[in-house]
Amino acid sequence: DTGVSQDPRHKITKRGQNVTFRCDPISEHNRLYWYRQTLGQGPEFLTYFQNEAQLEKSRLLSDRFSAERPKGSFSTLEIQRTEQGDSAMYLCASSLGSGTSSDNEQFFGPGTRLTVL
Amino acid sequence: QQPVQSPQAVILREGEDAVINCSSSKALYSVHWYRQKHGEAPVFLMILLKGGEQKGHEKISASFNEKKQQSSLYLTASQLSYSGTYFCGTYNSQGAQKLVFGQGTRLTINP
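The listed protein sequences derive, respectively, from chains A and B.
Residue numbering for the first sequence follows this note's numbering, beginning at 259 and increasing consecutively.
Residue numbering for the second sequence follows this note's numbering, beginning at 353 and increasing consecutively.
In short, the hints are calculated from the structure, not lab data.
Errors might be hidden in some of the hints.
Said to hold, decoys possible - Pulled a few chain B residues facing chain A out of the computed Cβ check, cut under 7 Å:
id, residue
1, 393
2, 439
3, 443
4, 448
5, 450
6, 454
Since this is a predicted model, take the numbers as computed values, not measurements.
Ideal placement from N, C-alpha and C gives every residue a C-beta, glycine not left out.
Modelling step: build the complete structure from the supplied sequences, incorporating the hints.
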């Protein structure tokens, strides 16, 4: 079991550039979540996939953010026209499909730290 | 609606006990507890479900008062390894897809 992996671990970009992050969940986990975490705060929910279907998206997520999970395995999170306020840690988590999300623990990856200059 | 955690921070000596509280203004279906060490990913500790079921660590205990919409995490005989920031996350219904985390409680254990 290799756990949830994320790539890259760190990303520094200039304001206005596009960035893409990748998440590989634990194999056979059909649920995948993206969160954003800023210093001193808890993870903030961004979006959720069950297999390849995106079932929930935070209203806080602007149109500059998009996420995909094309084959129900890995997922990508893209941020277009980055702003300094996008600087944060972006966490991915996965969970097993038994029951509902509310019944199951999530396993988090190490995160991608984004710095927008 | 984000759950509220208290205290925001606590400092203990090794061997002392701690209680971390999590309260919500909305009805809760489940409460999830995680611990995050500096620079690392959050690690699952426990789930408490409406109706009394619990899943998680045997050495960590917690309570869930559905009527008061509150949960408490009990850390007894604390060890240095317990240091970190503790987060509660809540689901308001069984079918909800969105886990909402509190702002965290920073626990420091000194020798």
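Here's how the hints hold up against the structure:
1. 393: 4 Å, holds
2. 439: At 5 Å from the nearest chain A Cβ, residue 439 of chain B passes the 7 Å test, so the hint holds.
3. 443: 4 Å, holds
4. 448: 6 Å, holds
5. 450: This interface hint holds because 5 Å falls under the 7 Å limit.
6. 454: 6 Å, holds
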